[in-house]
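*Asks:* From first to last, the protein sequence lines stand for chains B and Z. With the first letter of the first sequence counted as 1, position 110 gets the number 113 in our numbering; the numbers rise by one all the way through. With the first letter of the second sequence counted as 1, position 192 gets the number 195 in our numbering; the numbers rise by one all the way through.
A few of these clues could be false.
Said to hold, decoys possible - Chain B side only, calculated, beta carbon under 10 angstroms to chain Z, not exhaustive:
| hint | residue |
| --- | --- |
| 1 | Arg120 |
| 2 | Val241 |
| 3 | Ala254 |
| 4 | Lys266 |
| 5 | Lys298 |
Simulated from the structure, these hints should not be mistaken for laboratory data. The beta-carbon is built from N, C-alpha and C at its ideal position, and this holds for glycine as well.
2 protein chains.
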Amino acid sequence: MLKYLKMITEENWRWDIVYACINILCLTFVIAFVVVQLVSLLRKDDIKKRSMAIMQPERKFIPQARMTDKQIGDVIESVLNYRKVFSIKKVPYHRLRLHDDEALLRSQLFYENMKMRRCVQEFSPRPVPSKLIQNIIKSAGTAPSAGNLQPWMFCVVSSHELKAEIRKIVEEEERNTYSKKMGADWVLDIAELKIIWSKPYLTDAPHLIVVMKQIHLINDSNELTSTYYNQISIGIAVGILIAALQDAGLATSITYPLYGGEKIRKYLKRPLHEEVFLLVPVGFPAKNATVPDLKRKSAEEIIRCYS
Amino acid sequence: MLKYLKMITEENWRWDIVYACINILCLTFVIAFVVVQLVSLLRKDDIKKRSMAIMQPERKFIPQARMTDKQIGDVIESVLNYRKVFSIKKVPYHRLRLHDDEALLRSQLFYENMKMRRCVQEFSPRPVPSKLIQNIIKSAGTAPSAGNLQPWMFCVVSSHELKAEIRKIVEEEERNTYSKKMGADWVLDIAELKIIWSKPYLTDAPHLIVVMKQIHLINDSNELTSTYYNQISIGIAVGILIAALQDAGLATSITYPLYGGEKIRKYLKRPLHEEVFLLVPVGFPAKNATVPDLKRKSAEEIIRCYS
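One chain only, chain B, in its complex shape:
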């Protein structure tokens, strides 16, 4: 800089001013560039740290990416993995053998049963046999998953105290979201607004199933490995869970925990490689339960045929 100021006083000052300006501009850009790159680097580190979240320090994380873009000839593990694909033993498939008419009748009955399902928020205090809960979760566990990794864990919360704590976390989140989204809740009657964010059914239902999605799995060597398409796999598992609940005459009103999932995970002492996916309160519906008068789309609105 001093160099340029000195130059300005000399005879060829005009070009030097231009050069100095360019230099200052360049410097600004360089600083901006470095700052931007540093910020993005720190962010990446943060994401990495999160995804690498390990419960116990001795567990090593093996990123699947390490396997990619390598030549098979160089990496013996790839070859071994590749061979494993073919070494899976095939067994006969035990199938239901139904006549067309029987299949049709069953599909009609299944639909009629599912059609009756609604999100119910009024639960009966009638206790639910634990064997029933177990059968329903076992049914959910039959869901297909990418690579048969079964990236799920179902936490059945039955104690009133624990349910109340989870309800508090969810309501807090709901209230924050609603007051932010809807704006100035003081404009409206607080008592009325309460109806929106209040979730009494989370404690009214005898059981609250907290569905955990496993982002990573722990292998036999106590290392964390990746799971694929876990969001899709666990969504399907919850679908089967809901079908099983309905088939057994139980009710639910699935709840998304918004940003309260992390608090709930910690509260239930679940490991860092799990994430709260959904809350599924479970119980028999109250005797005179009511549901919102909503309509489902017709078959014509959801089916397109290409034949």
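Based on the hints, put chain Z in the right spot on chain B.
*Replies:* Leaving out everything else, chain Z in the frame of chain B:
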């Protein structure tokens, strides 16, 4: 540059070389910065374009975010929307009334039935009654969804020609992914590798249900509106679809289209606000179908009780 070269020949050459070097370095950084920023800008534009994807130019997109962070007193729509929450008519809930023993028996039978389900890749050419397919999709359509938006569309592809085209797209994607991930496929027997990426069941099955996820919906005023948690909602719907298929004695082997979804969407002439979620081939299983000898996790491995 010339300026600096000239300077070097002068008496105070050492400092000038340093300055020149710094300038060249700065210039390199500036170019890198500009390139990085431009690339990220173009990418953002691309993402924006995709998410704003509109089928017909006259359709306006109303981002839900416009509603957020506003004071209710200022925005009449918020108040109207808020009132709507309470104006939803409540109707009695029609429920299954089952005795505990009956519920237990049903849950046990449901589980036994679901337990038999496996991903089957060997299909019988036996035709599937279209009424059966319809009942199964109607069952999937009973799934709960965020805001009752039902963000799904089920495309039933039955023509062999169309199925073959979709199979081609998926196999192309699979082959690319495998050759990239596994590396040098020339190292291995091509014929063997074919077993991995080849998807004959996509054409063998009499029907191929292409499950579309609706990122946006079109309202009565022909405008695009957002859907929430559509990934979760449609995952649940596919779960019920799979349960319904199994209950009717049909088989499937759900397939993820990898990056081929966009091509399939275009091929089926589905609008831009839809996205291929999964491919569900549907048919009766082949008489002597086999399945991989995989194990499911036990109840103890997927259930945790908090009581």
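*Asks:* Does each hint hold? Answer for all of them.
*Replies:* Hint by hint, here is what the structure shows:
no.	hint	result
1	Arg120	6 angstroms, holds
2	Val241	5 angstroms, holds
3	Ala254	7 angstroms, holds
4	Lys266	15 angstroms, violated
5	Lys298	8 angstroms, holds
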